[in-house]
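Sequence lines, in order, name chains A and B.
In this text, residue positions in the first sequence follow our numbering: the first is 171, and each later residue adds one.
In this text, residue positions in the second sequence follow our numbering: the first is 64, and each later residue adds one.
To be clear, the hints were calculated from the coordinates, so they are not data collected in a lab.
Each residue gets a CB set at the ideal place from its N, CA and C atoms; glycine is no exception.
Be aware that one or more of the hints could be misleading.
Coverage of chain A stretches by chain B, computed from C-beta distances (three or more under 8 Å per stretch; other residues unrestricted) [claimed, not checked]:
#1 190–201
#2 242–250
Ranges of calculated distance between the beta carbons of each label pair, as one might list FRET restraints [as the list claims (entries may be wrong)]:
#3 A/Q211 / B/L102: 25 to 31 Å
#4 A/A214 / B/V294: 28 to 34 Å
#5 B/M80 / A/V230: 26 to 32 Å
Chain by chain, the residues:
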Amino acid sequence: MATAGRDGEGAPPRRRLRGEVFIHRERCKGCAFCVEFCPSQALALDKAFNRKGYHPPVVVKAEACNGCDLCGMYCPDFAIHGVRVGAGVDDEG
Amino acid sequence: MSQHVNPVEPFLRMERMPHIWCPGCGIGTVVNCFVRALLKTQVDIDKVSVVSGIGCTGRIAGYFRADSFHTTHGRSIPFATGLKMANPELSVWNFSGDGDLIAIGGNHFIHAARRNADLKVVCVNNFTYGMTGGQVAPTAPLHSLATTAPYGAFERPFNLPFLADSSGAVYVARWTTFHVRQLVKSMEEIMHKPGFCFIEVIAPCPTAYLRRNRLGDGLEAMRHYKQSSKVVHGADTRSVDIELGGPIVVGKFVDRDRPTTLEAMRDELHKSLGDKYVPYPTGVQR
Ligand SMILES: Cc1ncc(C[n+]2csc(CCOP(=O)(O)OP(=O)(O)O)c2C)c(N)n1
Ligand code: SF4
Ligand code: SF4
Ligand code: SF4
Numbered sequence: 171m172a173t174a175g176r177d178g179e180g181a182p183p184r185r186r187l188r189g190e191v192f193i194h195r196e197r198c199k200g201c202a203f204c205v206e207f208c209p210s211q212a213l214a215l216d217k218a219f220n221r222k223g224y225h226p227p228v229v230v231k232a233e234a235c236n237g238c239d240l241c242g243m244y245c246p247d248f249a250i251h252g253v254r255v256g257a258g259v260d261d262e263g
Numbered sequence: 064m065s066q067h068v069n070p071v072e073p074f075l076r077m078e079r080m081p082h083i084w085c086p087g088c089g090i091g092t093v094v095n096c097f098v099r100a101l102l103k104t105q106v107d108i109d110k111v112s113v114v115s116g117i118g119c120t121g122r123i124a125g126y127f128r129a130d131s132f133h134t135t136h137g138r139s140i141p142f143a144t145g146l147k148m149a150n151p152e153l154s155v156w157n158f159s160g161d162g163d164l165i166a167i168g169g170n171h172f173i174h175a176a177r178r179n180a181d182l183k184v185v186c187v188n189n190f191t192y193g194m195t196g197g198q199v200a201p202t203a204p205l206h207s208l209a210t211t212a213p214y215g216a217f218e219r220p221f222n223l224p225f226l227a228d229s230s231g232a233v234y235v236a237r238w239t240t241f242h243v244r245q246l247v248k249s250m251e252e253i254m255h256k257p258g259f260c261f262i263e264v265i266a267p268c269p270t271a272y273l274r275r276n277r278l279g280d281g282l283e284a285m286r287h288y289k290q291s292s293k294v295v296h297g298a299d300t301r302s303v304d305i306e307l308g309g310p311i312v313v314g315k316f317v318d319r320d321r322p323t324t325l326e327a328m329r330d331e332l333h334k335s336l337g338d339k340y341v342p343y344p345t346g347v348q349r
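Extracted from the complex, chain B is given alone in its bound form (with noise of 0.2 Å):
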């Protein structure tokens, strides 16, 4: 590859380029750091899988060049539990905003989570439903200016981590857009760790929500996520809540081992048959 080349290009559909996304946008820095980190593990790309939902972030399986599916809104963590099931050797990514995973698609993950779905799930964090125009999001932090919430939004949003941690997955971490190399690092640890693996990412929705909550632009924001940002390995995810303006405590937060979902199936179902249970598919591990 002659080095005039963006790294980015051979894993993207430059076909559809430009994107969508804009000025200031932190999702296209989401897939350097996912490109990265494909490149760092040497993984066979025909072995990864893209999924997405709908919205900005949802876009990300479109432009992919993998074997990725763009599904209906909410929806990617069902579709990515199947495409898993029937593939376990796929290594399988989903990209999803935080609309589209914790609103709608807010059922199918903490269940994910909970059956530990062999799956890797990135929330492109930017507190709102950037591509409807800046609806209140579960995420929303108190106070915050949306255009359902004229006033200021009064419902207390969820702490992403926390919410992943307590439905049982076993990888948490949380970044924002300026962390890009713990970020890669993150993802790298991720490809090959087995069950379900959550990494937020904190990124600045110029469009919708800074300029709405006069947060400035895409750089402003990301100076604030370098200023106000506070590594915290290990940190009780209890205790990493976001509030407007305020400090934004990132860092790895969980990292354990459980028997993902084809494997405690494979287990029981073994421990209740005996050798009449034949593996589904067969002489995969998992």
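Next comes chain A alone, as it looks inside the complex (with noise of 0.2 Å):
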């Protein structure tokens, strides 16, 4: 038998979300709640500092940030969100 996708025999292919990702360097202080926790691995903490002294996140996978806001949920400085982009997406990804 072939294996049937996920979403079963005849059903379009699974759309792969995208997203993407605001970062607001300023405001944060470097906890790296959002680079441990993105489930796509597209955040690495900057080597440079920011005003305040911090390494802010910088995106080094943009094309793997799939918008789920996991980021902007646990950043506790308000400093990080992401977005789905396209059309007709369902968010409990």
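Join the two chains into one complex using the hints; note that each chain is given alone, in its own frame.
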């Protein structure tokens, strides 16, 4: 038997969710929660400092971001958030 | 709203930012989850009120752009109870630290739960008094170090879900700041649930608790929550004590219904007085 996809036979292929992440460098206090728990490993801490002396996150794999906004939910300093891009996406990912 | 604007911004008094919370403190994460729950339930923000007592967690009321009130230490529940009684259409949310809610405010907590006051109570439990530098709290795990327990805490801590459950709360859940999606869901669930609803959120306080106990920084605490938490929905609340560095049982433990203070009062007065009884405020059901 041919292996059916998760959506079953005949269903359109699942579209990979795409997202975009927004970073407010100067608000960041470098806790790394966003980097650690991003499910797509899209982030890393910058080597450079922000004005407060912390290492804010930078996007290292923009194409991997799925816009799940986990970074936004974790960030205690309201310095990062993710959004889905593209129409018709379900946000329960 | 522009996609570039962080979703919390419309809900916060941004002119008061940056906030006072230390790097790696978990309180901001709880704020994020509350805002996500408000957005998801699409509740009218003019019908939401946020009340806090004193402490780092207590700052939430001051930062929130809603009808919010930053009360005195331990007194957020009495204030919130009065607010709800006079304005039953409000969804009244109480954010407190474990010291504020359970030490100085502990008596208010158990009685509000017993009476089933219609309040949504979120306790940010960081196991210490963060704002005042790390004194021993009634949640401090046995043997943990605090400024007032330099050789280790020797008094048995409260198990908050059990305290809430046995006092009569109709909804009891515990999450950690690692469990953001679950926390949002619990907050959504209680947004419209009548009665005393309690959510404990275990959160890192790197400055006053973790460092003194050599438990690392905020990130290390978050990794510990991820590795050592066990989700047990419906767990017997007597079994969810927390030990220093030990596993943390999380989940929704209690979800039941019983009449709120206002409902019970109205029923009783109506039974005794019949049509002579005119409920106040008129026209509002709970
Ligand atoms: C009547 C009174 N007693 C004591 C204090 C000092 N005080 C301020 S905050 C606090 C405890 C804070 O701990 P907690 O409620 O756990 O909140 P956290 O700072 O950890 O978020 C204490 C004892 C006070 N402000 N008022
Ligand atoms: S939105 Fe999700 S996938 Fe994108 S950076 Fe944030 S956590 Fe990672
Ligand atoms: S979670 Fe926020 S404060 Fe922490 S490193 Fe990421 S952007 Fe900075
Ligand atoms: S002292 Fe602790 S609770 Fe207070 S802001 Fe700092 S980390 Fe958070």
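Right, here's what the structure says about each hint:
1. For the region 190–201 of chain A, the assignment as covered by chain B holds, since 7 residues bring a beta-carbon within under 8 Å of that chain's beta-carbons and 3 suffice.
2. Counting residues of the region 242–250 of chain A whose C-beta sits closer than 8 Å to any C-beta of chain B gives 9, which meets the bar of three, so the coverage hint holds.
3. The hinted window of 25 to 31 Å between A/Q211 and B/L102 holds, with their beta carbons roughly 27 Å apart.
4. In this structure, A/A214 and B/V294 meet the distance hint of 28 to 34 Å, their C-beta atoms being roughly 30 Å apart.
5. Evaluation of the 26 to 32 Å hint for B/M80 and A/V230 yields a pass: the beta carbon distance comes to about 27 Å.
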